[in-house]
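J.: Read left to right, the sequence shown gives residues 1485 to 1888 (this note's numbering).
Just to be clear, a hint being listed does not mean it is correct.
[Claimed, not checked] When the alpha-carbon atoms are kept at most 25 Å apart in a straight line, the in silico DMTMM-like pairs for lysine to aspartate or glutamate are as follows: (1) LYS1710 <-> GLU1730; (2) LYS1627 <-> ASP1876; (3) LYS1690 <-> ASP1876; (4) LYS1861 <-> GLU1626; (5) LYS1687 <-> GLU1626; (6) LYS1707 <-> GLU1688; (7) LYS1562 <-> ASP1611; (8) LYS1861 <-> GLU1612; (9) LYS1649 <-> GLU1626; (10) LYS1622 <-> GLU1655; (11) LYS1707 <-> ASP1692; (12) LYS1605 <-> GLU1655; (13) LYS1861 <-> GLU1546; (14) LYS1687 <-> ASP1853.
[To be verified] Ranges of calculated distance between the beta carbons of each label pair, as one might list FRET restraints: (15) PRO1526 <-> ARG1859: 53 to 61 Å; (16) ALA1656 <-> SER1551: 20 to 28 Å; (17) LYS1619 <-> PRO1654: 41 to 49 Å; (18) GLU1688 <-> ARG1597: 43 to 51 Å; (19) PRO1526 <-> ASP1563: 15 to 23 Å; (20) LYS1726 <-> ARG1514: 24 to 32 Å; (21) LYS1619 <-> LYS1861: 15 to 23 Å; (22) LYS1519 <-> GLY1736: 51 to 59 Å; (23) PRO1654 <-> LYS1724: 26 to 34 Å; (24) GLN1733 <-> ASP1563: 28 to 36 Å; (25) GLN1733 <-> ASN1566: 27 to 35 Å; (26) ASP1657 <-> ARG1552: 41 to 49 Å; (27) GLU1688 <-> ARG1859: 43 to 51 Å.
Think of the hints as simulated: they come from the structure by calculation, not from any bench. For glycine and all other residues, C-beta sits at the position ideal for the given N, C-alpha and C.
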Amino acid sequence: MYPQKIYITANSPGEIAGWLSPVAAAVRRRWPECKISVILLPCPFATGSESKVATDLLHVDEVIPASRYFRMLFSGLKDHQNSVLLHLGGDLMYSAALVWRWKIPAWSYLWGRWWWDSAFKGYFIKDEKHFEWMKRHKLPLEKAIIVGDLVVDDVRWIMQNYLAKYGQLPEADSNLISFLPGSRVAEVTNLSPFLLQTAKLMKEQKPDLRFQMLISPFIPPAKLVKALQANPHPAVGGIKGKIVGETLQAEGISIDIVRKNQLPQLSASQLCVTIPGTKTAEAASLGVPELMILPINRPDQLPYIGLIGLLDWLPGGRILKGKLLMRMRDKVSYIAQPNILANRPIVPEIIDVVTPTYIANAALGLLNDPQQLLRQKYEFSRLYSPYAGASDRLLDTIERTWRT
């Protein structure tokens, strides 16, 4: 017996794209009569397009925007009988309030804090290494359920669907470099001129190189045009580009703009240059070598959760936030998800005030080191292959225990 309804709380682009999709697909396949309701929680990492993207998912019945959260919270209790909740992201406080108010069973995937613990029956984690994470957050280890990595499920599902539709995957191209500038307008605005000049510098050294920029579906087309053609910020650098058809161009350089079938197109790359986030795990699941960059030329513009993130709303708060984040930089072990998963450096991470020349040289250094590229591919395969099947294991647990 499965629940009549599952509420899935999430918000940031990575959670919607990388975690929600495989869970929703598995629910629809295994629990055909179960209604899927996505609740978008307030979140500093949100782009504003999460509602539209979540609504476009074929398996979702209902999307409740963050603006309707409190109306949902105080809705009639009978509306939520025979329901469960799965927290995929956003502030746990909001999910805990729903659970306590509605009196329904709930689980959380890779999120937990001891002060909200009584709201959750269990915590879905990737592997045994996450027991240490639970200890640090003072969470009871008996509530841990090892399921794997939802991103691996999402990547495999997308690639299988592409193969079924087109009959073959894009052919690997040793000269193709992919840029992943992020899923927020501000990120693309800052990084488009920066990456355009980076590509130009790389092409001057290796004329056969081709470039593509993968654009997130969370960026509205109207805002994308302005973001891609933005003037370079003095603190970041770069060159101004112009959109010509499906390319971003400047003198001596052209980058293809990819808005559809992003993961299959990414899979053909020799190397990707990406900012932190879910894309680092997706590229690793595809076996694509990576260079992760986090330019902190403008630290005040970086989104952040918790109390530090709330500084954005105070006069002068962004400047203070930037200074605090700069102080915290050296206290963070790893940022790229493959490195976090392995607890050792596999993907090179550049977290610094950088220039296009600096990043171009770092990327060229990787391209000129085939052993390093092969090592990344090998490590990715070894790391991520065992994590497939997370969505089914997750639903197995809910189905078995939701009435207990």
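J.: Hints broken by the structure, by number, lowest first?
T.: Numbers 3, 4, 5, 6, 7, 9, 10, 11, 12, 13, 15, 16, 20, 21, 24, 25, 27, in rising order.
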